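Undergrad: Sequence:
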Amino acid sequence: MWFDLKARELGAIRPERISRKVASDRLHNLELSSSKDILSVHDSGINSLQVDKTEGRYLLSGASDGSVACYDTLHASTFDPTARSYQHKHVFKVDKRVRKGHKYAVSSVQWYPVDTGLFVTGSFDTHVNVWDTNNLQVELQYDMPGRVYSVSLSQIATSHLLIAVGSADSMVRLCDIATGACTHTLVGHRDAVLAVQWSVSSEWTLYTGSCDGAIRFWDIRRAGSYKVLDQDSSQMGRRPPVPKYSPESEWPVTSRTSKKLLKKAFGDKKSGMSTPPKRVHPGMASAQNYATAHNGAVKALLPTNDGHFLVSAGADSRVKLWDVESGCDTLVNYERMRLSGNRATQLGLSPDSSLLFIPTSTAIKVYNLWTGLLLKTLGGHYDDVNCCELHPYEQEMYSGSSDRKILVWSPPPPPQIDEDREEVCPVPRRLIVNFWSHMICQTKAKGASAGAGEFSARLDVDSWSDED
1 MWFDLKAREL GAIRPERISR KVASDRLHNL ELSSSKDILS VHDSGINSLQ
51 VDKTEGRYLL SGASDGSVAC YDTLHASTFD PTARSYQHKH VFKVDKRVRK
101 GHKYAVSSVQ WYPVDTGLFV TGSFDTHVNV WDTNNLQVEL QYDMPGRVYS
151 VSLSQIATSH LLIAVGSADS MVRLCDIATG ACTHTLVGHR DAVLAVQWSV
201 SSEWTLYTGS CDGAIRFWDI RRAGSYKVLD QDSSQMGRRP PVPKYSPESE
251 WPVTSRTSKK LLKKAFGDKK SGMSTPPKRV HPGMASAQNY ATAHNGAVKA
301 LLPTNDGHFL VSAGADSRVK LWDVESGCDT LVNYERMRLS GNRATQLGLS
351 PDSSLLFIPT STAIKVYNLW TGLLLKTLGG HYDDVNCCEL HPYEQEMYSG
401 SSDRKILVWS PPPPPQIDED REEVCPVPRR LIVNFWSHMI CQTKAKGASA
451 GAGEFSARLD VDSWSDED
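So for the sequence shown, our numbering puts the first residue at 1; every next one is plus one.
Because the hints were derived from the structure by calculation, they are not lab data. In this text, all values refer to a predicted model and were calculated from it rather than measured experimentally. You may find that some hints are simply not true.
Stated by the list, open to error - In silico lysine to aspartate or glutamate, DMTMM-like type, Cα no more than 20 Å apart, as pairs:
(1) K93 - D65
(2) K89 - D65
(3) K405 - D65
(4) K21 - D43
(5) K405 - D383
(6) K53 - D65
(7) K89 - D72
(8) K6 - E16
(9) K376 - E31
(10) K100 - D125
(11) K21 - D403
(12) K227 - E335
(13) K100 - D72
(14) K89 - D403
(15) K100 - D132
(16) K96 - D132
(17) K96 - E139
(18) K53 - E31
(19) K103 - E139
(20) K93 - D403
(21) K96 - D43
(22) K89 - D43
(23) K376 - E139
(24) K376 - E325
Stated by the list, open to error - Estimated spans, in silico, between C-beta atoms of each pair:
(25) T179 - D65: 39 to 45 Å
(26) D132 - D65: 18 to 24 Å
(27) P113 - N289: 51 to 57 Å
(28) R20 - S361: 30 to 36 Å
(29) K96 - N295: 36 to 42 Å
(30) T371 - D191: 30 to 36 Å
(31) V200 - A291: 22 to 28 Å
(32) L10 - L374: 34 to 40 Å
(33) H160 - P415: 46 to 52 Å
(34) S159 - N342: 32 to 38 Å
(35) P113 - N295: 33 to 39 Å
(36) N289 - S19: 29 to 35 Å
(37) S19 - S361: 33 to 39 Å
Here a beta-carbon is modelled for each residue, glycine too, at the ideal position from N, C-alpha and C.
Let the sequences and hints guide you as you build the complete structure.
TA: Here it is in structure tokens:
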């Protein structure tokens, strides 16, 4: 660290490198915070968490009792002198007693990406609500054909205000906040959709994961999904084989062959039968692609911050890292793990996309995203962990569990130096006293041996006062 600071001082490295290194080191040392507590007001397990990206201040939480709460993560409400920790109480809470409030479990919460004036919630009561934060009322409500498992808002969209909704129905629906209606229905999955995520590099691209084990990529400007991930496709960079009868084929096409092709395409004139080729709509063609990414339900999707890779977690106890451009599995070997519950799981990713946080049973496992190496296991909950959320600007993480608790994970505080105790001092006080005594003796010896014309100084006599 000191070498990096000296190199920055000399201009050998950029200042941003130091800040990234410090932030990375702090994230690698996350532990249960001893100085910050969030006092949960939920009466049942927490299913979803999100910190707003605009201010990085307010934490939104949704619980199984149908309630939604918000906490101020920057300004504490009280200080507990016994535990020596700052306690953060809820700013507001809405539940089933509010008009059009959720009656059953809230499965997903999302802040409006522009400001904190709106937030979106999805629930098992088949409703998606758009809330006004100022008056805590439901401004828009969308009815879905089944339980809502996941909702997602694009963080980079400038041309639309669409809410992607994954529900117990096999079709993904896009709800427009501007018009208050469902504008798109994406057909392709064959079972319930548990995970939906917008791309962070294109506002028109949507990723969806279903209980049929498929992960589909959608361009909402066209019909059908344009890519279906296949777990058997792992050879990145390999060119697909040249199709038969293509211009690139080396097989010669003679006049007899051309007649056969025309006869096959347009029928035999002698028999009077015409068999035109079947033309399949692109959307229907993609729906007939039954490739699977997992051998079970896809429970979580999370793109990296640069948008080049996609992390998926399935009910088959597998976590996979996909290359978005080629659609291939990168074959990073993460150990098998059991994801908690039969609902969607919320993963966490560090801002530099180097650390992957996965809720497993009663703990959170931290992996190196690119190597799959298990770095740490964070334990502190007493029941299944359902979600984890990293602060976008601070080195903090929040986790929600079925034990109704929201825990804060932060780097360890700096050591407290007690000046009255000698053993906590990095250098013993007796060594410091001996060092200065030795320096004073050397100074006196040099002053005594100095010539008459040389300047000498004594530590106990000032040389600037007038003795007259």
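Undergrad: Give a verdict on every hint.
TA: Evaluation of the provided hints:
1. K93 - D65: Distance of about 12 Å is within 20 Å: holds.
2. K89 - D65: Holds. K89 to D65 sits at ~19 Å (cutoff 20 Å).
3. K405 - D65: holds, 14 Å
4. K21 - D43: violated, 40 Å
5. K405 - D383: The given pair, whose Cα atoms are some 9 Å apart, holds under the 20 Å limit.
6. K53 - D65: Since the Cα atoms of K53 and D65 sit roughly 26 Å apart, the hinted pair is violated (cutoff 20 Å).
7. K89 - D72: holds, 8 Å
8. K6 - E16: holds, 14 Å
9. K376 - E31: With Cα atoms ~10 Å apart, K376 and E31 stay inside 20 Å; holds.
10. K100 - D125: holds, 11 Å
11. K21 - D403: violated, 35 Å
12. K227 - E335: Violated, at roughly 27 Å.
13. K100 - D72: With Cα atoms ~25 Å apart, K100 and D72 exceed 20 Å; violated.
14. K89 - D403: With a Cα-Cα distance of about 18 Å, the restraint between K89 and D403 holds, given a limit of 20 Å.
15. K100 - D132: This hinted pair holds, its Cα atoms lying about 13 Å apart.
16. K96 - D132: Answer holds: K96 to D132 is near 16 Å, not above 20 Å.
17. K96 - E139: holds, 15 Å
18. K53 - E31: violated, 23 Å
19. K103 - E139: holds, 17 Å
20. K93 - D403: Holds, because 19 Å separates the two Cα atoms, which is no more than 20 Å.
21. K96 - D43: Holds - the C-alpha atoms of D43 and K96 are around 13 Å apart, at most 20 Å.
22. K89 - D43: Given pair K89, D43 holds - Cα atoms ~15 Å apart, limit 20 Å.
23. K376 - E139: violated, 43 Å
24. K376 - E325: violated, 31 Å
25. T179 - D65: 39 to 45 Å: For T179 and D65 the Cβ distance comes to about 32 Å; the hint is violated.
26. D132 - D65: 18 to 24 Å: holds, 22 Å
27. P113 - N289: 51 to 57 Å: violated, 32 Å
28. R20 - S361: 30 to 36 Å: holds, 32 Å
29. K96 - N295: 36 to 42 Å: holds, 38 Å
30. T371 - D191: 30 to 36 Å: For T371 and D191 the Cβ distance comes to about 33 Å; the hint holds.
31. V200 - A291: 22 to 28 Å: holds, 24 Å
32. L10 - L374: 34 to 40 Å: holds, 38 Å
33. H160 - P415: 46 to 52 Å: At 51 Å between Cβs, range holds.
34. S159 - N342: 32 to 38 Å: holds, 36 Å
35. P113 - N295: 33 to 39 Å: holds, 34 Å
36. N289 - S19: 29 to 35 Å: violated, 45 Å
37. S19 - S361: 33 to 39 Å: With a Cβ separation near 35 Å, S19 and S361 satisfy 33 to 39 Å, so the hint holds.
In the structure shown, a violation is registered for the earlier hints numbered 4, 6, 11, 12, 13, 18, 23, 24, 25, 27 and 36, in ascending order.
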